[in-house]
Structures are given as C-alpha cells and as structure tokens.
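Trainee: If you want the building blocks of each chain, they are given just below.
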Amino acid sequence: MTSTRTRGSRSPLASVGLHATLVVASVIAVFPVLWILLTSLKPAQHAITTDFVKEPTLSNYTYLLESSHFLDWFLNSVLVAGVTTVLGVFIAATTGYAVSRFKFPGMKPLMWTLLITQMFPMAILIVPLYNLMGQLGLLNQPVGLIITYLTIAVPFCAWMMKGFFDTIPVEIDESGRVDGLNPFGTFWRLILPLAKPGLAVTGFYAFITAWGEVAYASAFMVGEENLTLAGGLQTFVTQYTSNWGAMSAASVLIAIPAAIFFVFAQRHLVAGMTAGATKG
Amino acid sequence: MAADTSQSVVKAADDGVGNDSAVRGRSRWTDSGNTGNARRKGGLRHALATHWYAWAMVAPVVLVLGVIIGWPLVRGVYLSLTDANERNVARDIGARHIDATYEFIGLDNYTAVLGDPVFLQRLVWTVIWTVACVSITFVLGLTLANMLNRQFRGRAAYRMALILPWAVPGFVSVFAWRFLFNRDNGILNKVLDGGGIAAVPWLDDPTWAKFSVIAVNVWLGIPFMMVALLGGLQSIPGELYEAAEMDGATAWQRFRHITLPGLRTVSMTVILLSTIWTFNMFPVIFLLTRGGPGDSTEILVTQAFREAFITSPRDFAVSATWGVLILLLLMIFALVYRRSLRKQGEVW
Numbered sequence: 001m002t003s004t005r006t007r008g009s010r011s012p013l014a015s016v017g018l019h020a021t022l023v024v025a026s027v028i029a030v031f032p033v034l035w036i037l038l039t040s041l042k043p044a045q046h047a048i049t050t051d052f053v054k055e056p057t058l059s060n061y062t063y064l065l066e067s068s069h070f071l072d073w074f075l076n077s078v079l080v081a082g083v084t085t086v087l088g089v090f091i092a093a094t095t096g097y098a099v100s101r102f103k104f105p106g107m108k109p110l111m112w113t114l115l116i117t118q119m120f121p122m123a124i125l126i127v128p129l130y131n132l133m134g135q136l137g138l139l140n141q142p143v144g145l146i147i148t149y150l151t152i153a154v155p156f157c158a159w160m161m162k163g164f165f166d167t168i169p170v171e172i173d174e175s176g177r178v179d180g181l182n183p184f185g186t187f188w189r190l191i192l193p194l195a196k197p198g199l200a201v202t203g204f205y206a207f208i209t210a211w212g213e214v215a216y217a218s219a220f221m222v223g224e225e226n227l228t229l230a231g232g233l234q235t236f237v238t239q240y241t242s243n244w245g246a247m248s249a250a251s252v253l254i255a256i257p258a259a260i261f262f263v264f265a266q267r268h269l270v271a272g273m274t275a276g277a278t279k280g
Numbered sequence: 281m282a283a284d285t286s287q288s289v290v291k292a293a294d295d296g297v298g299n300d301s302a303v304r305g306r307s308r309w310t311d312s313g314n315t316g317n318a319r320r321k322g323g324l325r326h327a328l329a330t331h332w333y334a335w336a337m338v339a340p341v342v343l344v345l346g347v348i349i350g351w352p353l354v355r356g357v358y359l360s361l362t363d364a365n366e367r368n369v370a371r372d373i374g375a376r377h378i379d380a381t382y383e384f385i386g387l388d389n390y391t392a393v394l395g396d397p398v399f400l401q402r403l404v405w406t407v408i409w410t411v412a413c414v415s416i417t418f419v420l421g422l423t424l425a426n427m428l429n430r431q432f433r434g435r436a437a438y439r440m441a442l443i444l445p446w447a448v449p450g451f452v453s454v455f456a457w458r459f460l461f462n463r464d465n466g467i468l469n470k471v472l473d474g475g476g477i478a479a480v481p482w483l484d485d486p487t488w489a490k491f492s493v494i495a496v497n498v499w500l501g502i503p504f505m506m507v508a509l510l511g512g513l514q515s516i517p518g519e520l521y522e523a524a525e526m527d528g529a530t531a532w533q534r535f536r537h538i539t540l541p542g543l544r545t546v547s548m549t550v551i552l553l554s555t556i557w558t559f560n561m562f563p564v565i566f567l568l569t570r571g572g573p574g575d576s577t578e579i580l581v582t583q584a585f586r587e588a589f590i591t592s593p594r595d596f597a598v599s600a601t602w603g604v605l606i607l608l609l610l611m612i613f614a615l616v617y618r619r620s621l622r623k624q625g626e627v628w
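Order-wise, the sequence lines are chains U and W. With the working numbering, letter number 50 in the first sequence gets 50, and the count goes up by one each step, no holes. Basically the working numbering = 1-based index in the second sequence + 280.
Keep in mind that the hints were calculated from the coordinates and are not lab data. You may find that some hints are simply not true.
[As the list claims (entries may be wrong)] Chain U is faced by these chain W residues, among others (derived, beta-carbon under 7 angstroms):
#1 Y333
#2 P340
#3 V344
#4 G346
#5 I349
#6 A370
#7 A441
#8 A447
#9 R463
#10 L468
#11 H537
#12 P541
#13 F562
#14 P563
#15 S620
#16 L621
[As the list claims (entries may be wrong)] Straight-line C-alpha distance at most 27 angstroms; calculated DSSO-like pairs for lysine-lysine:
#17 K470(W) / K108(U)
#18 K490(W) / K470(W)
#19 K470(W) / K54(U)
Being a predicted model, the structure only gives us computed values, none of them experimental. All C-beta atoms in this analysis are idealised placements derived from N, C-alpha and C, irrespective of residue type, glycine included.
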C-alpha cells in the first residue's frame, strides 16, 4: 500500500537513525510491562532486585490464587464487565442503526446527547449515583456497578455502532424493502449479520472499558471479597504494605486476556472511534 | 410508503457529505414527514405513522439514558445547591432508616468553591496537565507514525511493541510505573544509582511528581495517537509526494505542505478526544500519587472524588459542585472548539 512512498532509498545514516529511534521507543513502551512479567516470576522476597531473572518460580501465582481474594475479584470483574457489554450492545444496537439510516424528528438532539454524554466526567455523576445506589441498597452489589457502567457503555456503543452501520451499503436495506421486510426485519435479518464484526469490536471496547474502570469501582465497592480487579489490585500496594510480588502476578493475569483480545480488535478500534467522533 | 428514494442521492450522501448526518438516510420517511405538518393533529398522527419505526428503535437508549444519566444529572445539580454530606443524607444503619435532613442553600457552595484559591490552583494545574499531555503525546505520536509509514524490515514488530501500552489495562500499567518509580526500590533509581546519580524522588517531590504523572499519561496515550495518525498518513495519496518530489520539494516542505494538511481531519478528532480524556483522566493521578504529595498533582476530577469519598466527613454537596463546574468547563471547551472548526470551514 505504501510502496509508492519509498521515494529513492534512505542513506545508511538515516536508516540507522530510524532504527535507533524506533528501538529506543519500543524499549520504553515494552519495558514496564516486561519488568512486571519478570518480577512476577521472582520469589516475593526478591521482587525488588534488578536482576532480570532470579530463581524463577510460580510462587507469586500460587499465593495469589490460594491465599488472596484474587479469584473473587476476577469473577466480579468478569461478571460486571460481561453483563455491561451484553446489555450495552443490546440496548444500543437498534439506536445505532436508526441514527445511521433514518432521519426523524428528535434525531439531532439525540445525536448531541450521545456525543455530550460521552465526555461527561465521572465527577458529575458519581455522587448522585452513589446516593441513589445507597438508597436502593445496591452499593457493594455487582448490579449497582453494572447500572453505573451502562452510563458509560450505552452512549459510546450507540455512537460506535452508528459508525459501523454507516459502512454497510444502503442498497442492502433497499433490497430488504423490495423483498417486503419492514425496517425491523431488515435490521434483524440483513444488517445485523453483516455488522457482526462491528458489534464484536464495540462489545470488546465496552468490555475493556468496564474491565479497567477505577473511580466508580473504588468508590462503590468495599470489603475484600466484593472488589473488582481495579479495586483489588490497590490492596497489594498501600501506604502500609507493598506486596510487589503478588501485585505483579495479579497484573499479568489481568493483562493477558485483555491484551490478546486487543491484538485482534485493534485495527478496527481506531476506525470505529474516530469515525464515530467526526460524523456529528 | 412509496419508495421515492433515488439511490444516487443516498450514495452521494454516503460518499461525499457523509459528515452531515442530516443528509444521510432514506428520504422517503423525511419527505412524507415534512408534508404532513399542515394540520397540527393530523401532522402528529402522520409523524407517528411515518416515524414510529425510528422512534421505537431509539426508545431503549432514550429511556436508559433518561433514567441512569438524566435523572442523576438533575439530582447532582440539585445536590450542589444543598448542604448534603454523609451525616445528613438518607441512609440505613442496621435496620434503622434515617431520612435525609439536608437543606437547600442556594449558590453558597459555588461561591465557597469559586472563592477558594484552591479552585484556581486546580484549574491551572489541570490545564497545564492537559495541554502538556496532549501536545507531547501528539508530537511523539506523529513522529512515530511518520517513521512507521515507510517500508522497512521489522516494521510490524516495532508497531506491535509500540502498541503494547494500549493493550494493557490502564490501571495495571499505572501500578507497573509505580513499581518502577519507587524511591528506594524502584529500578529507575537503582539504575541511576549504578551511574552514580542520586535517587530521584519521582513521586515524592511536587515537581517530580508532576513530571512523572505527565510521563505516564504520555506513555499510555501515544499508541492511540500513533495508530490513528498512521491511518491518516496511509490515506494520503502517494502521487502527491511524487509530484512534489519532481518539483524539487525538500523532505520538510513535503511534510509541511502535504502531510500536515492531509492529517487535518484526523488530527482534529484525536486532539479533541485526547483532550477530553486527559482532562477527565482519573486513574493515572489517583493510582500513581493520590493527588499527592500534598495536593500538588490533584486535578479537578480527583478533587471532586476526594471531596466525596476520601475526606471526612464526606461532603457530597461540594463534590457535586465541583462536578457541575467541571461539566461547564468541558461544555465551554467543546463549544469553542466547534466554533473554531466552523470558522475554518469544517463541517462538524
């Protein structure tokens, strides 16, 4: 694709400079992650050595799985992020389709609302949501956190899916109409199957956002076994204790599933986000 | 329901003016909707008949947003006009239910917050933090994207490595950096020590802490910038560069007059997104320094969080006040940004 861009060849010096810069940048990008991985494999008492490898062991992982609440946190996070994703995509899908295809009274205000709610800082909603959840008895409950995360997930799912539906040719809708389908039928039988990759990317992004959310999780969930991963990880390193061994092992276990998914979804992710943001 | 949509119109809307969503879509619903407005009642019935599909489709989102965003938003604004704190809100202690006793106090919270020099301090640091993070991230992201936008061996590997910070959940990376930054045991200081340089108080000195939080946020933000700009670079036709080269343009001139204009749209978008994200970036500050040492790295959103959930007694009203002020600032920013885009002739 970029073959037309290789204009002449670079001088050897420029080539060395290019590679040197990229190597330095890559090392900076990779090192913190790599270091956590290496630390997690050292015995806890050696967590702070500068050796890359020292008496490699899985003791941090066994400690984590057997003597901490890590599994509780992991399951809480999977539950909260999973349900948020499914509900978010489910609620938002038809809206994404409607604003992509139809023009109807109230569409402009709706689009603006979707756009503006995406830039809402959590600071504006956290206090009223906290109080409401308190009154409903939903603090410390996954349900409370799921409802809270939907305030983030629904607007951007709708927005992002609009972007994906925009890329599906309108002729397909036309053909559905010619075959006598109503708009719901067209959406359900023709467009949705075609939009599956888009739905997957949207869902993935919703999942990752909920998986990594810190503020609401820190405020709403207390008590060791109720925490999600974002809250749980904080308990290893506080003012008083710093269990870097367990922290690093937990980090690795949290990051691996997210990173694997990410590699697959990453190309579509940028397209989805920037397309959604430019088309007002 | 006559199908009077001409395909070419729809295609044109899709291809060219896709930025203006008003043009998009099937005109059959639109047209009949407009002609039906003659009589008020008949018009309403007509609108229902023609638009009920669309309305039914958006209903779930409208309902959900109304209940879980609209209502809390109104309540938040109301709370900011009261003296609510953890001692006077409705709560359950054991089986006993205590009713709310907080009162409406008008704009007192706003005068108190805005009259306090703390607000200005937070605002100034938040602006510095946002501008520094976004500009550094953008420049570095653009540089790396330009480097990756060539053919050379190992390109895919570099790309993979450079994207890694984005693939790892943010809060995990922040803890990794906290580990590296640790004053006594962190690897950064040990390496410096090996070179004979005194330990740097990365997170324990107000100035260094500011540097550190910006560095971490830049590290987190570069991959998105880079990938988005790389996409933009690849959409610039190569012929432009060839033509410029034939006319004798230098590398800098090509960058200045072809690359930068070609990246305008995508740059505008990523800068807007990244500004909003950075302005609201809670986890980096909260997990790295908790706003400290002292309150030197506290930005507006962490301050709002602190008022409601860290200080004792928890002051919900003041936190809500900060929240409303933050929202107002963001709104003003978005409006100014939009206006400046309009002036330059962008459709947004």
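Trainee: What are the numbers of the hints that this structure violates, sorted from low to high?
Mentor: 4, 9, 10, 11, 12, 15, 16 and 17
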